[in-house]
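**Student:** These protein sequence lines are chains G and X, in that order.
Our numbering puts the first sequence at residues 10 to 558.
Our numbering puts the second sequence at residues 571 to 695.
To be clear, the hints were calculated from the coordinates, so they are not data collected in a lab.
Be a bit skeptical, because a hint or two may be false.
Negatives, chain G to chain X, calculated, CB over 10 Å [what the hints assert, rightly or not]:
| hint | residue |
| --- | --- |
| 1 | 119 |
| 2 | 122 |
| 3 | 161 |
| 4 | 168 |
| 5 | 183 |
| 6 | 421 |
| 7 | 512 |
| 8 | 522 |
| 9 | 531 |
Straight-line distance between alpha carbons at most 30 Å, and here's what the computed DSS-like set of lysine-lysine pairs gives [as the list claims (entries may be wrong)]:
| hint | chain 1 | residue 1 | chain 2 | residue 2 |
| --- | --- | --- | --- | --- |
| 10 | G | 32 | X | 579 |
| 11 | X | 579 | G | 106 |
| 12 | G | 393 | G | 378 |
Backbone N, C-alpha and C fix where the C-beta goes; we use that ideal spot for every residue, glycine too.
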Amino acid sequence: MTHKRITVLLVEDNPVYSRLIEKLLGRSDNPVFETVLAGTLGQALERLAVGGIDVVLLDLMLPDSTALDTFYRVRAHDLRIPVIVQSAMDDVGLASKAVEGGAEDYLLKDGINSATLIRSIHYAMERTHARGAEWSSAMLHLAQQQFLKAAHIAGLDPNIRQRLLFPERTQIAALPFKRDGIDQVETVFAYRVQHVLSMGPTKGGLRYHPEVSLGEVAALSMWMTWKCALAKLPFGGAKGGVRVDPAALSKDELERLTRRYTSEFIGMIGPDKDIPAPDMGTDAQVMAWIMDTYSEHVGYSVPSVVTGKPVVLGGSLGRHEATGRGLAYLVSETCRQIGLDLNGATAVVQGFGNVGMHAATFLAEAGAKIIGISDVSVALHNPKGLPIDLLKNHVRQHRQLFGCPYGEIIPSRDLLELHCDILAPCALQNQITAENSSRINCRIVAEGANGPTTLEADDMLQARGIIVLPDILANAGGVIVSYFEWVQGLQNLTWPLEEINMRMRDILTDALARTQRRAQAEKVDLRTAAMIEALSRVGAANHLRGLFP
Amino acid sequence: MSTLLDWTKALQNADGDEELLIELAGVFIDACPEMMQQVRAAIDGRNAQELQRTAHSLKGSAHLFAASEAGAAAFRLEEMGAENNFRDVEDGWNLLRFEIEGLLAELAARLGGRNSDEARNTQDS
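Same shape as in the complex, but just chain G (with noise of 0.2 Å):
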């Protein structure tokens, strides 16, 4: 039997360190692991060009280099080797500094074992592995991140640190689906995972996009997990996707996708087990032939497998919308605190998606001037306000708001840094980043999309006193109506539009104030804070339920 064999660059100033960590790493046999040490920040880069080393172990103070720009000038030597930061227990905030920064993990070395040491060596490089693999996703890096973040903050248990940092449970089909007119059957891959099953179901959007990636799905099925638990909903997170290009396919060919998809996936999807909703590239419609297809399955109806429905067939009163009317109300709570009054302040939208047009149509309705205003095809600028529902008629006749007349246009990077009281991120990942973050120009940045602000650029608007409320809250109000649609069809009741809006405000006032009261606590960002508060209850909830068997 061949062992696995791993070479760790140790790079150590310390002689007495150095020693320790190589024979701890010398009893291991299984994999055996080579060491190679470099006392300085200069050896070990030289090292690392020479080529063949696994993973690094990090000593932050060296002689030619101190504090994380060791760790930085060793990351940018090479992305992809995975990096342990080593450090002492009065250190540890830098140590985590440098998770944030896309190290692996760090190491405390007052109690450092074998066992311990090996084991961070082992998920270090597994994680490295996957992401390489056909879980590479900058968004699920980011995901992660944020996630080691918070879980180094809140002491979250190493076991579960490490079972919450991928999904629970995964499936990858290569769905085939017929073309119209021709004879030719189209495979597109296709995705389910569930991030969590100890929460009841799990919960998740479907999405058809042509980037979508098993990283992506999981990075969104961990945000999901996240955003159930702070608003207490009973799910864990779910998400799904098809790699496909909705918009080339006629309507018969996304239905028998969609059928095809349902009938792959049938085993994993129920009201009870794993109930999917809209997301981008799928709509109400989407979401009746799901339910079609498993109603056919089964041999009856069952509206509860999917929610954000048609009303007709179960759906709820206001889902379509609650997205950006629960941004909206957040909004509106947050200027409260702060003295803003809305009614006349402005606002800056970037995307006319569902969640971008219903915010900027609910921030408007109660009182805000919406100055700018994006979608793929054009950027909007005007001081004097836009009128709303003007730009929908105009979406609704021509589908882009390209050629609409009510503001000028401007280059869609400038769209951001526009000054204003409120900015809302709802179009994409990654806008708000270190490189604009400075720019930045408003007092509350409300994220309707998912990780629109990467972690650098998180700490320096945290510095000017920016309110960022964090994707997992602010864009919560479409899965705690989703919920209320799934409360209502196991019930058989519907409940009044009002008091499905009554309900979704409390739900999202109280995750709120309970993420302000961690971050104040904790003394930590608002995101991080609501992280801490999301995985605190799911880390007490697989505590509760133990490990089977």
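Once you've looked at the hints, dock chain X against the given chain G.
**Tutor:** This is chain X only, laid out in the frame that chain G set:
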């Protein structure tokens, strides 16, 4: 139990392996003079960053042997380096030297007659 170090705790830091701990003591006894020299050079050169780093490194070794007083003395110098404050640095140095000498003597005694080179050679053979 010695007040200079806590052997039981130190053993935990070496994964419960006494032979390894003794080997590490040998490494420390050999490396310590140079580490101390580096601290002294940083003080003489009024090089705050270097003082912080070298004292930090010594502190790490002291923690490994659960030598809390030596660790505290090193930490004091590390802080002086971090704050670029050399006012009480000579006091700090004297204290560190005192504690480290005590620790070295204690470790040498633990080596139980084996001198440090022998200890290392045993492991290297």
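**Student:** Measuring Cβ to Cβ, find out whether residue 119 of chain G lies farther than 10 Å from everything in chain X.
**Tutor:** violated (6 Å)
**Student:** Straight-line Cα separation of residue 32 of chain G and residue 579 of chain X no greater than 30 Å?
**Tutor:** Answer holds: residue 32 of chain G to residue 579 of chain X is near 18 Å, not above 30 Å.
**Student:** Using Cβ atoms and 10 Å as the threshold, tell me whether residue 122 of chain G really stays out of contact range of chain X.
**Tutor:** violated (4 Å)
**Student:** Holds or violated: are the alpha carbons of residue 393 of chain G and residue 378 of chain G at most 30 Å from each other?
**Tutor:** Status holds; Cα separation ~7 Å.
**Student:** Please confirm whether residue 183 of chain G is truly not at the interface, meaning its C-beta sits more than 10 Å away from all C-beta atoms of chain X.
**Tutor:** Per Cβ check, residue 183 of chain G is outside 10 Å of chain X; nearest 48 Å; holds.
**Student:** In terms of Cβ atoms, is chain X entirely out of 10 Å range of residue 161 of chain G?
**Tutor:** holds (21 Å)
**Student:** Just double-check residue 512 of chain G for me: nearest Cβ-Cβ distance to chain X has to come out over 10 Å.
**Tutor:** holds (52 Å)
**Student:** Is it correct that the beta-carbon of residue 168 of chain G has no partner in chain X closer than or equal to 10 Å?
**Tutor:** With a cut-off of 10 Å, residue 168 of chain G remains clear of chain X, as the shortest Cβ separation is near 20 Å.
**Student:** Does the claim that residue 421 of chain G lies outside the interface with chain X hold up, using a Cβ gap greater than 10 Å?
**Tutor:** holds (44 Å)
**Student:** Check the non-interface label on residue 522 of chain G: least C-beta distance to chain X beyond 10 Å or not.
**Tutor:** holds (38 Å)
**Student:** When you check the alpha-carbon spacing of residue 579 of chain X and residue 106 of chain G, does it fall within 30 Å?
**Tutor:** Holds, because 29 Å separates the two Cα atoms, which is no more than 30 Å.
**Student:** Taking the minimum C-beta separation from residue 531 of chain G to chain X, is that value above 10 Å?
**Tutor:** Since the minimum Cβ distance to chain X is about 25 Å, residue 531 of chain G lies beyond 10 Å and the statement holds.
Checked against the numbered hints listed earlier, the structure breaks hints 1, 2; every other hint is satisfied.
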